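Start from the sequences, fold in the hints, and give me the full structure.
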Amino acid sequence: MKTQLTLTPNPIPKSPPAMADGMGAVVTFHGVVRGTEDGESITAIHYEANETMVRHQFELIFAAIENQWPVESIRLVHRVGEVAVNETSLWVEITSPHRAEAFAACQFLIDEMKAKVPIWKRAVR
Amino acid sequence: MKTQLTLTPNPIPKSPPAMADGMGAVVTFHGVVRGTEDGESITAIHYEANETMVRHQFELIFAAIENQWPVESIRLVHRVGEVAVNETSLWVEITSPHRAEAFAACQFLIDEMKAKVPIWKRAVR
Amino acid sequence: MKITVKFWSYFRDLTECDETLIKIEEGETLGNLHATVMTKFPKLAKMKNSTLKAVGVDYQTDDFVLSDGDEVSLFPPVQGG
Amino acid sequence: MKITVKFWSYFRDLTECDETLIKIEEGETLGNLHATVMTKFPKLAKMKNSTLKAVGVDYQTDDFVLSDGDEVSLFPPVQGG
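Chains as they are written, first to last, in my numbering: chain V, 73 to 197; chain W, 73 to 197; chain P, 852 to 932; chain F, 852 to 932.
The set of hints was computed from the structure by calculation and includes no laboratory data. Treat each hint with caution, since some may be false.
Unchecked claim - With the C-beta cut set under 10 Å, the calculated list includes, among others, these residues of chain V facing chain F: (1) Gly103; (2) Tyr119; (3) Ala121; (4) Thr124; (5) Arg127; (6) Gln129; (7) Leu162; (8) Ile182; (9) Met185; (10) Lys188; (11) Pro190; (12) Trp192; (13) Lys193.
Claimed, not checked - 16 Å max Cα-Cα, derived EDC-like pairs, lysine to aspartate or glutamate: (14) V:Lys188 x F:Asp909; (15) F:Lys857 x V:Glu123; (16) P:Lys857 x W:Glu120; (17) P:Lys874 x P:Glu922; (18) P:Lys857 x P:Asp909; (19) W:Lys193 x P:Asp864; (20) F:Lys857 x V:Glu120; (21) P:Lys857 x W:Glu123; (22) W:Lys188 x P:Asp909; (23) V:Lys193 x F:Asp864.
The structure displayed is predicted, hence computed values, not measured ones. Beta carbons are placed, not taken as given, at the ideal position from N, Cα and C, and that holds for glycine.
If you want it as structure tokens, here you go:
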């Protein structure tokens, strides 16, 4: 399984899907900054990351995915610093032979990230 | 809920995600033609569609999704005619306020399509 | 009355035609029509239980009563994606 | 022995510092250290039950026995995505 993890302050580029022989499914997730937080208007979210630990925790999650599903590749970009409303803060792409495992792995990855990966938000008003 | 359905013989262009105020999640699925069918090498798959019925059946599925989940938009492209190995035959994009409903709606859409939408494959060797 | 029956996918190979006109009596059902079609095109018979049936753009079950001018489609399981 | 404790997110606002050095006895646990830190920075006490604790890059539970040179991170629930 190939993995690529990027933490970047820059906007997430539009990447063409990573196709490989035998891969039948590509599931992509964009997490987008919403214009309200706790009912109040915001202009952006500032993301703080404990980067060394972020990388290690993502590696643990990637390994758990590889143990459970025949996933071919995972690419993940999480922005750090300020991300404006309607911009993508998280981008995940998972390729696999069939769609069921790509959907399952992508949801598992995001759920695990939200429990374990040390990244925090601060609303910018 | 906005919907856009395209049946086309042409390659599926890379579209930037459709962002709108209040939308927090975009789930995208690419169905890709695999290089083998029933264990044998193929070069492409030819897709035949009963187009009028395809459109109607997708509309029924879109309506069922709108009834179940707060989905903001669905864009779907299915190629017809010959699609080469490693090219995308189906592209779906669903946007919604939160990720759970985008994942649920996307999987529901594909499952329903595979049961009800009159499109057929023929392997090209 | 006359019903147009269209074939799709490899059902066209089995019948060696795209569509056919079938004469039925008033009040006959989609199931009756399917039986008549299988008599005319015996190669469709072994696909009997997996055949999908639509009238116009909607799926219907065997007890659906046909009307003059209905267009019926018969086809194998679908495979989009 | 001395343990470096780093704070993250709004824990830094509560402690008004990024990291601190805490002296503990041989054999003391992460739970003991957390108690000592809360004595030094009382504003962390109300977050006691939701505090996440890592040693190096791995999460550990309160019964984890610390070693000289360990780097401990204390932070609130994570919010990536």
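Okay, the hints, checked on the actual structure:
Given the 10 Å rule on beta carbons, the hint for Gly103 of chain V holds: about 5 Å separates it from the nearest Cβ of chain F. With its C-beta approaching chain F no nearer than about 8 Å, Tyr119 of chain V sits inside the 10 Å limit, and its interface hint holds. With 10 Å as the threshold, the beta carbon of Ala121 of chain V comes within range of chain F, its nearest partner Cβ sitting at about 8 Å, so the hint holds. Because the beta carbon of Thr124 of chain V sits about 6 Å from the nearest beta carbon in chain F, less than 10 Å, this interface hint is met.
Proximity of Arg127 of chain V to chain F holds as hinted, the smallest CB-CB distance being about 8 Å (cut-off 10 Å). A cut of 10 Å between beta carbons decides the hint on Gln129 of chain V: the least distance to chain F is about 7 Å, and the hint holds. A hinted interface residue such as Leu162 of chain V counts as satisfied when its beta carbon comes closer than 10 Å to some beta carbon of chain F; here the least separation is about 5 Å, so the hint holds. For Ile182 of chain V, the interface hint holds, since its Cβ comes within 10 Å of a Cβ in chain F; the closest pair sits about 6 Å apart.
Look at Met185 of chain V: its Cβ gets to within about 5 Å of chain F, closer than 10 Å, so that hint holds up. Because the beta carbon of Lys188 of chain V sits about 7 Å from the nearest beta carbon in chain F, less than 10 Å, this interface hint is met. Nearest Cβ of chain F to the Cβ of Pro190 of chain V: about 5 Å, under the 10 Å cut. The hint holds. Taken as an interface hint, Trp192 of chain V checks out: its beta carbon lies about 4 Å from the nearest beta carbon of chain F, inside 10 Å.
Among the interface hints, the one on Lys193 of chain V holds; its C-beta lies about 5 Å from the nearest C-beta in chain F, closer than the 10 Å criterion. Proposed proximity of Lys188 of chain V and Asp909 of chain F is supported: the alpha carbons are some 10 Å apart, at most 16 Å. Pair hint Lys857 of chain F plus Glu123 of chain V holds up; C-alpha atoms about 13 Å apart against a cutoff of 16 Å. Between Lys857 of chain P and Glu120 of chain W the CA atoms are separated by roughly 14 Å; this keeps the pair inside 16 Å, and the hint holds.
Proximity of Lys874 of chain P to Glu922 of chain P is assessed by CA-CA distance (about 12 Å); at most 16 Å being required, the pair is judged to hold. With a CA separation close to 14 Å, the supplied pair Lys857 of chain P and Asp909 of chain P stays within the 16 Å bound. For a cut-off of 16 Å, the pair hint linking Lys193 of chain W to Asp864 of chain P stands: about 14 Å separates their Cα positions. Restraint check for Lys857 of chain F and Glu120 of chain V: satisfied, since their Cα atoms lie roughly 14 Å apart, inside the 16 Å limit.
As the CA atoms of Lys857 of chain P and Glu123 of chain W are separated by approximately 13 Å, the hinted pair is consistent with the 16 Å bound. Between Lys188 of chain W and Asp909 of chain P, the direct Cα distance comes to roughly 10 Å. Compliance with the 16 Å bound is thereby established for this hinted pair. At most 16 Å may separate the alpha-carbon atoms for a hinted pair to count; Lys193 of chain V and Asp864 of chain F meet this at roughly 14 Å.
No hint from the list above goes unmet by this structure.
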